[in-house]
Amino acid sequence: MKDNDVMVCRCSDVSLKELRELIKEGYHTFEEIKRITRIGMGSCQGKTCGNIVLRELSMATGKNINELNMQSNRPPVVGVKLSLIAEEADRDEL
Amino acid sequence: MKTTDIAIVGGGPAGLCAAISAASSGARVSIIERNNSLGGQLNKQTHMFFGSEKQYAATRGIDITGILLNEIKKYEDRVEIINSTNVVGLYEDQIITLMENESKYYKMKPEAIIVATGAYEKFLSFSNNDLPGIYGAGAVQTLMNIYGVKPGKRVLMVGAGNIGLIVSYQLMQAGVKVVAIIDAAPKIGGYLVHASKVRRMGIPIYTSHTVKEAIGSSELEKAVIWQVDGNFQPIPNTETIFDVDVMCISVGLSPLNELLSMAGCEMKYVSFLSGFVPYRYSNYETTISNIFTAGDSCGIEEASSAMVEGYLAGLHAAEKIGKRHPSFEERVQDYTSQLNNLRSGPEGRHILSGINQIERRRDYA
Numbered sequence: 001m002k003d004n005d006v007m008v009c010r011c012s013d014v015s016l017k018e019l020r021e022l023i024k025e026g027y028h029t030f031e032e033i034k035r036i037t038r039i040g041m042g043s044c045q046g047k048t049c050g051n052i053v054l055r056e057l058s059m060a061t062g063k064n065i066n067e068l069n070m071q072s073n074r075p076p077v078v079g080v081k082l083s084l085i086a087e088e089a090d091r092d093e094l
Numbered sequence: 001m002k003t004t005d006i007a008i009v010g011g012g013p014a015g016l017c018a019a020i021s022a023a024s025s026g027a028r029v030s031i032i033e034r035n036n037s038l039g040g041q042l043n044k045q046t047h048m049f050f051g052s053e054k055q056y057a058a059t060r061g062i063d064i065t066g067i068l069l070n071e072i073k074k075y076e077d078r079v080e081i082i083n084s085t086n087v088v089g090l091y092e093d094q095i096i097t098l099m100e101n102e103s104k105y106y107k108m109k110p111e112a113i114i115v116a117t118g119a120y121e122k123f124l125s126f127s128n129n130d131l132p133g134i135y136g137a138g139a140v141q142t143l144m145n146i147y148g149v150k151p152g153k154r155v156l157m158v159g160a161g162n163i164g165l166i167v168s169y170q171l172m173q174a175g176v177k178v179v180a181i182i183d184a185a186p187k188i189g190g191y192l193v194h195a196s197k198v199r200r201m202g203i204p205i206y207t208s209h210t211v212k213e214a215i216g217s218s219e220l221e222k223a224v225i226w227q228v229d230g231n232f233q234p235i236p237n238t239e240t241i242f243d244v245d246v247m248c249i250s251v252g253l254s255p256l257n258e259l260l261s262m263a264g265c266e267m268k269y270v271s272f273l274s275g276f277v278p279y280r281y282s283n284y285e286t287t288i289s290n291i292f293t294a295g296d297s298c299g300i301e302e303a304s305s306a307m308v309e310g311y312l313a314g315l316h317a318a319e320k321i322g323k324r325h326p327s328f329e330e331r332v333q334d335y336t337s338q339l340n341n342l343r344s345g346p347e348g349r350h351i352l353s354g355i356n357q358i359e360r361r362r363d364y365a
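As they're listed, the protein sequences go chains V and P. Taking the numbering used here, the leading residue of the first sequence gets 1, the next gets one more, and so forth. Taking the numbering used here, the leading residue of the second sequence gets 1, the next gets one more, and so forth.
The set of hints was computed from the structure by calculation and includes no laboratory data. Where is the CB? At the ideal position from N, CA and C, for every residue including glycine. Keep in mind that the hints are not guaranteed to be accurate.
With a straight-line Cα cutoff of 30 Å, these simulated DSS-like cross-link-like pairs (lysine-lysine) come out [as the list claims (entries may be wrong)]:
{"hint": "1", "chain 1": "V", "residue 1": "K24", "chain 2": "P", "residue 2": "K268"}
{"hint": "2", "chain 1": "P", "residue 1": "K197", "chain 2": "P", "residue 2": "K222"}
{"hint": "3", "chain 1": "V", "residue 1": "K47", "chain 2": "P", "residue 2": "K74"}
{"hint": "4", "chain 1": "V", "residue 1": "K17", "chain 2": "P", "residue 2": "K197"}
{"hint": "5", "chain 1": "V", "residue 1": "K81", "chain 2": "P", "residue 2": "K109"}
{"hint": "6", "chain 1": "P", "residue 1": "K2", "chain 2": "P", "residue 2": "K212"}
{"hint": "7", "chain 1": "P", "residue 1": "K54", "chain 2": "V", "residue 2": "K47"}
{"hint": "8", "chain 1": "P", "residue 1": "K73", "chain 2": "V", "residue 2": "K47"}
Here are a few chain P residues that face chain V, going by a calculated C-beta distance under 10 Å [to be verified]:
{"hint": "9", "residue": "F49"}
{"hint": "10", "residue": "F50"}
{"hint": "11", "residue": "E53"}
{"hint": "12", "residue": "I82"}
{"hint": "13", "residue": "V87"}
{"hint": "14", "residue": "D93"}
{"hint": "15", "residue": "K104"}
{"hint": "16", "residue": "L192"}
{"hint": "17", "residue": "V193"}
{"hint": "18", "residue": "E213"}
{"hint": "19", "residue": "S254"}
{"hint": "20", "residue": "V270"}
{"hint": "21", "residue": "R343"}
{"hint": "22", "residue": "P346"}
{"hint": "23", "residue": "N356"}
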């Protein structure tokens, strides 16, 4: 399997090769890998890559997935235009 | 700020049943659904359901939506339906933020929230897995069964669970050729009755096989599979190549848990429930007071059990905010025994052992 053809994150174009290299360098949590690659931060918010990243981490570290932390989830779960938030903030002040 | 008694996030089988229960208890209910109509995955199920009569066995999924909506109509004075709206945030103080039609963003303060967001599809890693023509089974069902659009001409189905088998059958019904169904597991995961049906139509099922790579310049042209050993490691020189323009990935679902996790609910990975799920009490309340959950978002199971969990969560959420159903005890007992019946098989034992890992007991001391 040519790892660089294997897409782990379709939102931010992160390949299995890049992911495995980072894990080899010692990045062993989803959050660290997210900060370096933007994995999990795209429009799907980790729904494509999340399970694959955790499985790779589990294989590399020998830890069971239930010993690993899932990614942090924060609002908003889909993109929201700033203008819409500003409109609601104006309404809220009334 | 907009208020309601109970906000239900997700208008699928669990959410609709939760709405019926909560409204029949006397609560004001707002059902928030991101699609433009209610029903969720039920609307894509053109096949008849199994299970028992109480969960509409022998009725097609798509017709169950209608039955549930008719039931909801009885309480239309207190049920608000908010379609085409995403819940984009769930905060610790139980305020939710909503985006309607990508054109309006606003806040809502419910007394209680039931998260019934369902599931999302798992993806696979193989070479060229981002080529156009590679779909999730849910997308194929949406295209065919909701929009009446064929996804392509020749399909390789990846996954021999119930969804893979049923979608293969639906593809053949729509006149699309399914060249093969493969599964990495050594045996077929779905019901034998579904597997027999597709085998009778001449579709080969390759167990202990996985995808090696997808081939194509701008879209999928060929799919290469190979055999795996008992440890799921591929065996060289066992490749088979199929000419296909569609690969349909049906390798399981994960609980759609992001709202629960962002609200701060304690979560745990439970393999029997197919992913990270919130700890919860027997009344379907999470570790955050007045946030409840039901259906696939708290563990992947089936629509039948999602409906019963929804009924239970609706009763309990209403009870929590002081709207106790006149026959609360009897109903809870009835639904609980329905769930136990649904979970009496071998699959159900896995589910029960999964639930056992996340169900918290109240300490009344």
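Do the hints match the structure? See the list:
no., hint, result
1, V:K24 - P:K268, "holds, 26 Å"
2, P:K197 - P:K222, "holds, 26 Å"
3, V:K47 - P:K74, "violated, 37 Å"
4, V:K17 - P:K197, "violated, 40 Å"
5, V:K81 - P:K109, "holds, 22 Å"
6, P:K2 - P:K212, "violated, 52 Å"
7, P:K54 - V:K47, "violated, 33 Å"
8, P:K73 - V:K47, "violated, 34 Å"
9, F49, "violated, 27 Å"
10, F50, "violated, 28 Å"
11, E53, "violated, 35 Å"
12, I82, "violated, 16 Å"
13, V87, "holds, 8 Å"
14, D93, "violated, 13 Å"
15, K104, "holds, 7 Å"
16, L192, "violated, 28 Å"
17, V193, "violated, 29 Å"
18, E213, "holds, 7 Å"
19, S254, "holds, 6 Å"
20, V270, "holds, 7 Å"
21, R343, "violated, 22 Å"
22, P346, "violated, 22 Å"
23, N356, "violated, 14 Å"
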